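> Here are the chains, one letter per residue:
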Amino acid sequence: MSISTARQGHTYPPAPPYQVSRETIREFAVAVKADHPAHQDPQAARELGHRDLIAPPTFAVVAAQRAEAAVVNDPEAGIDFSRVVHAEERFTHHSPITAGDTLSAQTTLERIRVMGSGAMVTTRTEITAEDGAARATVTSSLLVRADESEEK
Amino acid sequence: MTQPHRWDELEKGQIIGTRRIELSRADLIRYAAASGDHNPIHWNERFAREVGLDGVIAHGMLTMGAAVGLVTDWAGDPAAVVDYQTRFTSPVPVPDAASGSPQAPTALLEITGTIGKLDPDASTVRIDLKVELLAGEERTRVMAKSQALVQL
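Those protein sequence lines, which keep their order, are chains A and Y. For the first sequence, the residue numbers in this note's numbering are 333 to 484. For the second sequence, the residue numbers in this note's numbering are 1303 to 1454.
It is worth saying that the hints were derived from the structure and are not from the lab. Small disclaimer: the values here were computed from a predicted structure and weren't measured. Think of the CB as a built atom: it goes at the ideal place given N, C-alpha and C, for glycine as much as any other residue. Each hint should be verified, as a subset may be incorrect.
[Stated by the list, open to error] Pairwise CB distance ranges, derived in the manner of DEER restraints:
#1 Y:1353 <-> A:408: 20 to 26 Å
#2 A:337 <-> Y:1308: 49 to 55 Å
#3 Y:1389 <-> A:337: 34 to 40 Å
#4 A:412 <-> Y:1441: 32 to 38 Å
#5 A:408 <-> Y:1443: 34 to 40 Å
#6 Y:1404 <-> A:462: 37 to 43 Å
#7 Y:1441 <-> A:337: 21 to 27 Å
#8 A:379 <-> Y:1356: 43 to 49 Å
#9 A:427 <-> Y:1400: 44 to 50 Å
For reference, chain A alone in the conformation it holds in the complex (with noise of 0.2 Å):
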């Protein structure tokens, strides 16, 4: 397998509707050790205006990695997951994600820069609440390490 550039500027279609519960807002808040109240009390989120438990800055990644993996399991990219390095991430928030959200993500291959056998594969992820707001859009960039037993 190996890398194609013929996908860049390929959208792929969104993955399915991801609900935002109370519960995993705070599981992972947990997890990544962000103790703010907003993550764990509904007052306490309400108090600074709210409509209820908002999630942490880096939680939308839960749901643009359900649709960037169209892009991994993408055969016409040529992607081999197990050779995979995550380079850069950035999360550009519009507006918070909030329990009771159900969010749609939809990914663009944005650019796949070829370097040697290996390659940096740029996707963008836009994340929208059912109404349509926009959430966020999430940068993700993955270093594909050159497979050396391809060379001989």
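The hints should help you fit chain Y onto chain A, whose structure is shown.
Relative to chain A, chain Y alone:
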């Protein structure tokens, strides 16, 4: 709501805080479950070695997610973090504890947040995060260009 930070008290170069975060094998399993990222390099020693690592490493997204807690607490509202980006420069090995509980931490991170830029027109503060892996006397930076933009 009272403004937690006054513009005239903030300046570029100011340190907003430092915190240390310990990671254990149990933390990696917890993050895998909460995020849906079940890549075995984060929990299976044999698999990690087979793909060329020295052993199990933390999810980059766990380190990124844990590091920003310093910023959300400083901002007072996690939703104030409107943009957050990083580059992953070095893996964070989390060895199996030599004895005792898998809950025992085997990696120690130190996070320092510094005001990198003030934009009074946009009412934003850029916090630059230094994230280091501490091992004895040795310090290794595991993230670079790690910046969180806070809307005040």
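> Please flag the earlier hints that this structure goes against, numbers listed from lowest up.
3 and 7
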